[in-house]
Amino acid sequence: MSEQTAVINKINQSIINRFPDWVREDEREGYEGLLVEAAHLIPFMEVLRDEFGYDSLTSVTGVDYLPEEKMEVVYHLYKSTGGSILVVKVQVPRSSPVIPSLVGLYPGAAFQEREAWDLLGIRFEGHPNLKRILMWEGFEGHPLRKDWVEAFFEGEFKPYEDRWPEGKVSKIETDKPLGKNINYPEGFNPETWIPDAKELLFQGTVSLKTEDDDPGLETEHLVVNLGPQHPSTHGVFRMVAKLEGETVVDLEPVMGYLHRNHEKIGERNTFSMNMPYTDRLDYFCSMSNNFGYALSVEKLLGEKYQPPERAQYIRVIMAELTRILNHFMAIGFFLNDLGAYFTPALYAIKERELILDIFEAVSGSRMMCNYFRFGGVVRDLPEGIEEHIRKMVYERLPRQIDEMDRYLVDNEIVVSRCQGVGVLTPEQAIAYSAAGPVLRASGVPYDIRRADPYGIYDRFDFDVAVRYHGDVYDRFLIKYDEVRQSIRILQQAIDGLPGGEILANKPAYKFRMPKGESYGRVEGPKGELGFYIVSDGTNNPWRYHVRAPSFINLTGLREMSLGEKIADLVAILGSIDIVLGEVDR
Amino acid sequence: MTEGLNLPEYYIPPEIEGTVAITTLDRIYNWGRRYSVWPMFFGLACCAIEMIATAGARFDMARFGMEIMRPSPRQCDLMIISGTVTKKLVPQIVRLYNQMPEPKYVLSMGACASGGGPFKRGYNVVAGIDKFLPVDVYVPGCPPTPQALLFGLMKIQEKIDQESISKVRWYSDEPDEGIPVPILGPDLIDPRDFPALLKKEQEKEKQA
Ligand code: SF4
Chain L
1 MSEQTAVINK
11 INQSIINRFP
21 DWVREDEREG
31 YEGLLVEAAH
41 LIPFMEVLRD
51 EFGYDSLTSV
61 TGVDYLPEEK
71 MEVVYHLYKS
81 TGGSILVVKV
91 QVPRSSPVIP
101 SLVGLYPGAA
111 FQEREAWDLL
121 GIRFEGHPNL
131 KRILMWEGFE
141 GHPLRKDWVE
151 AFFEGEFKPY
161 EDRWPEGKVS
171 KIETDKPLGK
181 NINYPEGFNP
191 ETWIPDAKEL
201 LFQGTVSLKT
211 EDDDPGLETE
221 HLVVNLGPQH
231 PSTHGVFRMV
241 AKLEGETVVD
251 LEPVMGYLHR
261 NHEKIGERNT
271 FSMNMPYTDR
281 LDYFCSMSNN
291 FGYALSVEKL
301 LGEKYQPPER
311 AQYIRVIMAE
321 LTRILNHFMA
331 IGFFLNDLGA
341 YFTPALYAIK
351 ERELILDIFE
361 AVSGSRMMCN
371 YFRFGGVVRD
381 LPEGIEEHIR
391 KMVYERLPRQ
401 IDEMDRYLVD
411 NEIVVSRCQG
421 VGVLTPEQAI
431 AYSAAGPVLR
441 ASGVPYDIRR
451 ADPYGIYDRF
461 DFDVAVRYHG
471 DVYDRFLIKY
481 DEVRQSIRIL
491 QQAIDGLPGG
501 EILANKPAYK
511 FRMPKGESYG
521 RVEGPKGELG
531 FYIVSDGTNN
541 PWRYHVRAPS
551 FINLTGLREM
561 SLGEKIADLV
571 AILGSIDIVL
581 GEVDR
Chain P
1001 MTEGLNLPEY
1011 YIPPEIEGTV
1021 AITTLDRIYN
1031 WGRRYSVWPM
1041 FFGLACCAIE
1051 MIATAGARFD
1061 MARFGMEIMR
1071 PSPRQCDLMI
1081 ISGTVTKKLV
1091 PQIVRLYNQM
1101 PEPKYVLSMG
1111 ACASGGGPFK
1121 RGYNVVAGID
1131 KFLPVDVYVP
1141 GCPPTPQALL
1151 FGLMKIQEKI
1161 DQESISKVRW
1171 YSDEPDEGIP
1181 VPILGPDLID
1191 PRDFPALLKK
1201 EQEKEKQA
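The listed protein sequences correspond, in order, to chains L and P. Position one of the first sequence corresponds to residue 1 (the numbering used here), numbered consecutively onward. Position one of the second sequence corresponds to residue 1001 (the numbering used here), numbered consecutively onward.
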C-alpha cells in the first residue's frame, strides 16, 4: 500500500513541478490528488492527456461543501495502459459555480457534466448541450445541494427521530399537502401556470428539433421516438433518433425515468445502511455492487478493516458468479433484441436460477443479497454449498457456455446482423470513457482486475478478454470470453478457499469514520463501478457518488449509431448491456 | 378442460363428460378470461427481473395462460407495475393505462410500486402507484419472489371469477373518462388536485 502511495506521490510531484504556479497538492486531512485553478483547467488537462498519458477521464462529479461556501468538481483519470487513479479537483465559490467544460478534450465527460449540472447546479462553460439529464427541464432546484430538501424530509441524517412519540404513530405523509411527495415553490398556482406544450413534447431533445440542414435539397427528416415503454430498451430508457430514410443522422438518449435518488438517500443514510441500496443499482449484479462499496469504505477505514483470507476468497467467488450470471442474461436478452424472442433467454434464465440458488443459500435472498460487510462478508457459506459451487464451476457452467456458443455464435442471422454494425474504435472508446466489455471489445485490454488489482485478484491466473473490431458482434462475443475466464478464476478460488474468519472486526452498525475521501472501483460485469465517498467524520457520508458503468457507456451510443439503420439501433443498445437501475440511479 | 366450468348441481353422464358442460353465462365468460390474461411487457425496475424469471421455465407463468406478454397496451389485460414509479415516468404509465382496453387490471408488484419502498423519500419517487391508478392486487416483497407473484396472479384470477357480466363497469352506460395524465411542472402536478391546490392558495390570500 505504502509503495503505491509513494508512486502516486512521485507522479503528483512531477505534475506539480510542471505547473508550480497554479497546481498544488490537496493537503486536507485524508484527501489526495491535485488542486487546480479553474481558469487553467483546460490547458492543464490537455497536458495531462497528451504528455502524461492520462487518456481516460473515468469519473466527473461535484461535491457541495456548504460550510466552506465552496463547490468542488472531482475528476478521476487513469492511463489506459494501466496504473492507479489520478485525482484532480477544481474549487469554485458556491455562489457562482462555473467551470470550463472538458467535453472538447474528453467527450466522455458529456453526460457526467450534465448530471453535475442537474443535481448540483454546477455550470460547465462551453458544454455543447448543458441541460438536465436525470430530472426533467423545469424541475425546481438542484437536489443534491446540501441546502435543498425533498418533500418527504424528516431530518438531515438517519437514524431519524422516534416515529412513535408518546405512543402515537407519526407518518411523514400526514403533514404534507395532499399527502403526496410533492413540493411546490412559493406562490405556485396551477391555474396560472402554463406549460409550454410544444416544449414539453420535445423535452430533453431540443437539439433534434431543427428540420433541414441542407437548404438546397427538399428532404424531410423524421424524428422517431423509441421508449420509454419499448420492449427493447431493457426497462425505461428512451432514444430519440433523427432519420433520413432509414439511416440515423442524429440520436439522443433520454434517461432519468428510473432516477431513484440513490445519492441523496445515500447521503442521509449511515454508511452501513447504504449496503442494501447498492444491491438495487444494477439489480442483476448485487454482489459486485456490494464489493465496490465495501472496498471504498474499507479504503477509508484503513488497514484494520482488511478482510480475512476466507472472506477475500468468498468475495471473489461471489463477484465472479455474478459476472457469469450477468453475461448469460446479457446474451439472452441481446438475442431477444435481435428477434430470437425469448428462447435463448430461457436458456440463460435457467443458468441464472442455478446461480441464484447459491446466492439465496449464502445470503437469504435471490436478488438483493446485501452480503458484504466492511471488513468481510456477513455470513459464512452454509454447509454443502461449497460442493454445489464446485460442481457448477467444474461441470455445469463450462458445458452450458459451450452450449450457448454452439447455438448462437455461428448462427447466420446473428452474424449478418451484428458484424460491422455499431463500430466503436479504440480511440473513441477511450475518449468516451467506455469501460468493461464495451472497452475491451474495441481492442483496449483494460481490466481493473489486472490493471489496478483489488482484493486478491493478483493471485489468480486469467487472461484479459479482448476483441478487436469494436462492433456489435465483438461486444457479443466478449461476453463468452469473459464467462470462460471467470470460470477459470472460480475454479482456482474454490480450490484455494481457506478456512478461518469471515469478518475482520466484530459485527457493528456504527464505525469510526476518519475524515477524508476515497474512491474504490471494481471491474463489475458492465465495467468500472466506482464509489466516491467523502466523509466528514460523522456516521453519514457527506458525499456519496456512484460512477455507474452503464450510464457512462451510453455516452458513446450516439457515436456508434450514426450512419446505421434504425433497425440496428436496437441491436447496438442491446450490445452495450445497460441496466436502468444503474443508468439513472 | 372443463375444470371449474360445470355447475356442480347438474348431472352429466360419464360418457360425455369433457365434451359437454352445463354452466352460466357469467361462468363461461369468466372462465375464458381467467386463463387468458395477457400482461403488458413493461418492466420498470428490479422487480421486472423477477417478473421475467416468473416467465422462465422454473416458475412458468404459461400454466396460467399468461405467458403472452404484449408490448402494446392495446392488446393487454393486465398491467404489472414491476418496480419503482418515478415522477418522470408516471405520466407515461397513466397514459398507457388509459390506452389499455377494458377489461383491465393492475397488479402492483413489490414494495416500491405499492408504497415507495426503500426509495419512498426520494424527490423523484411516487410513493405508490395507487395515488394514480386503481390497483387490484398488491404483492409485497422487495423483490417479491416469483412464487409470490404467481400467487398475486392467482388472486387476479379469483377476482375475475367473482365478476358478473351484468355489473361490470365496461358494459355500463357511463362513459369512461380515463385518468387525467399528470403534468411535469416544478414538481409533479396531478390535475385532480387542482381544486384542492386552488383552495389552499385562496386561504393563504385570505390570511394575508
Ligand atoms: S420493491 Fe425492491 S426489488 Fe422491487 S423495484 Fe422496489 S427496490 Fe426494486
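Simulated from the structure, these hints should not be mistaken for lab results. Where is the CB? At the ideal position from N, CA and C, for every residue including glycine. Be aware that one or more of the hints could be misleading.
[What the hints assert, rightly or not] Below, simulated BS3-like cross-link-like pairs (lysine-lysine); rule was C-alpha separation at most 25 Å, straight line:
| # | chain 1 | residue 1 | chain 2 | residue 2 |
| --- | --- | --- | --- | --- |
| 1 | P | K1199 | L | K180 |
| 2 | L | K304 | L | K146 |
| 3 | L | K171 | P | K1206 |
| 4 | P | K1120 | L | K510 |
| 5 | P | K1200 | L | K176 |
| 6 | L | K171 | L | K158 |
| 7 | L | K304 | L | K131 |
| 8 | L | K180 | L | K158 |
| 9 | P | K1199 | L | K171 |
| 10 | P | K1206 | L | K176 |
| 11 | P | K1155 | P | K1131 |
| 12 | P | K1131 | L | K180 |
| 13 | L | K158 | L | K176 |
| 14 | L | K158 | L | K565 |
| 15 | P | K1155 | L | K176 |
| 16 | P | K1120 | L | K176 |
| 17 | L | K171 | P | K1120 |
| 18 | L | K146 | L | K131 |
| 19 | P | K1131 | P | K1120 |
| 20 | L | K168 | P | K1120 |
| 21 | L | K10 | L | K510 |
| 22 | L | K146 | L | K168 |
| 23 | L | K180 | P | K1155 |
| 24 | L | K299 | L | K89 |
[Unchecked claim] Computed list of chain L residues with no C-beta within reach of chain P, every gap over 12 Å:
| # | residue |
| --- | --- |
| 25 | G33 |
| 26 | P67 |
| 27 | I85 |
| 28 | Y184 |
| 29 | P231 |
| 30 | G235 |
| 31 | E383 |
| 32 | Q419 |
| 33 | R450 |
| 34 | D495 |
| 35 | S518 |
| 36 | E559 |
Hint check:
A C-alpha spacing of about 17 Å is found between K1199 of chain P and K180 of chain L, which places the hinted pair at or below 25 Å, so the restraint holds. At most 25 Å may separate the alpha-carbon atoms for a hinted pair to count; K304 of chain L and K146 of chain L exceed this at roughly 32 Å. Distance hint between K171 of chain L and K1206 of chain P is unfulfilled; the C-alpha atoms sit about 29 Å from each other, more than 25 Å. Taking the CA atoms of K1120 of chain P and K510 of chain L, the gap is near 24 Å; set against the 25 Å cutoff, the hint holds.
A distance of roughly 13 Å separates the Cα atoms of K1200 of chain P and K176 of chain L; the hinted pair therefore holds under the 25 Å criterion. Of the supplied pair hints, the one linking K171 of chain L and K158 of chain L holds, its CA atoms being roughly 15 Å apart against a limit of 25 Å. Pair hint K304 of chain L plus K131 of chain L does not hold up; C-alpha atoms about 44 Å apart against a cutoff of 25 Å. Restraint check for K180 of chain L and K158 of chain L: the C-alpha separation of about 21 Å stays at or below 25 Å, so the hint holds.
For the given pair, K1199 of chain P sits about 24 Å from K171 of chain L by alpha-carbon distance, which is consistent with the 25 Å threshold. Using a Cα cut-off of 25 Å, the hinted pair K1206 of chain P and K176 of chain L holds, with the two alpha carbons roughly 21 Å apart. For a cut-off of 25 Å, the pair hint linking K1155 of chain P to K1131 of chain P stands: about 21 Å separates their Cα positions. Between K1131 of chain P and K180 of chain L the CA atoms are separated by roughly 8 Å; this keeps the pair inside 25 Å, and the hint holds.
Of the supplied pair hints, the one linking K158 of chain L and K176 of chain L holds, its CA atoms being roughly 20 Å apart against a limit of 25 Å. With a C-alpha separation of about 50 Å, the suggested pairing of K158 of chain L with K565 of chain L is violated against the 25 Å cut-off. Annotation: proposed proximity of K1155 of chain P to K176 of chain L is violated, straight-line Cα distance about 33 Å (limit 25 Å). Using a Cα cut-off of 25 Å, the hinted pair K1120 of chain P and K176 of chain L holds, with the two alpha carbons roughly 14 Å apart.
Between K171 of chain L and K1120 of chain P the CA atoms are separated by roughly 12 Å; this keeps the pair inside 25 Å, and the hint holds. Between the alpha carbons of K146 of chain L and K131 of chain L the distance comes to roughly 21 Å, so the proposed pair stays at or under 25 Å and holds. About 13 Å separates the Cα atoms of K1131 of chain P and K1120 of chain P, which keeps this hinted pair within 25 Å; it holds. For the given pair, K168 of chain L sits about 21 Å from K1120 of chain P by alpha-carbon distance, which is consistent with the 25 Å threshold.
Pair hint K10 of chain L plus K510 of chain L does not hold up; C-alpha atoms about 36 Å apart against a cutoff of 25 Å. Our distance criterion of 25 Å between C-alpha atoms is broken by K146 of chain L and K168 of chain L, whose separation comes to about 31 Å. Restraint check for K180 of chain L and K1155 of chain P: not satisfied, since their Cα atoms lie roughly 28 Å apart, outside the 25 Å limit. Restraint check for K299 of chain L and K89 of chain L: the C-alpha separation of about 20 Å stays at or below 25 Å, so the hint holds.
Look at G33 of chain L: its CB is around 31 Å from the nearest CB on chain P, clear of 12 Å, so calling it non-interface holds up. Consistency note on P67 of chain L: stated as away from chain P, and its beta-carbon is indeed over 12 Å from all of that chain's, at 23 Å minimum. No Cβ of chain P approaches the Cβ of I85 of chain L within 12 Å, the least distance being about 30 Å, so the stated non-interface status holds. The Cβ of Y184 of chain L sits about 6 Å from the closest Cβ of chain P, inside the 12 Å cut-off, so the non-interface label is violated.
Not every CB of chain P lies more than 12 Å from the CB of P231 of chain L, the least distance being 4 Å, so the non-interface label is violated. At roughly 6 Å, the least C-beta separation between G235 of chain L and chain P is not larger than 12 Å, which violates its mark as non-interface. Listed as a non-interface residue, E383 of chain L keeps its Cβ farther than 12 Å from every Cβ of chain P; the least gap is roughly 23 Å. Every beta carbon of chain P lies more than 12 Å from that of Q419 of chain L, the smallest distance being close to 27 Å; the non-interface claim holds.
Residue placement check: R450 of chain L keeps its beta carbon more than 12 Å from all beta carbons of chain P (closest about 30 Å). No Cβ of chain P comes within 12 Å of the Cβ of D495 of chain L; the nearest lies about 30 Å off, and the non-interface call holds. With a least beta-carbon separation of about 24 Å from chain P, S518 of chain L lies farther than 12 Å from that chain, consistent with its non-interface assignment. Against the 12 Å criterion, E559 of chain L stays outside the reach of chain P, whose nearest CB is about 26 Å from its own CB.
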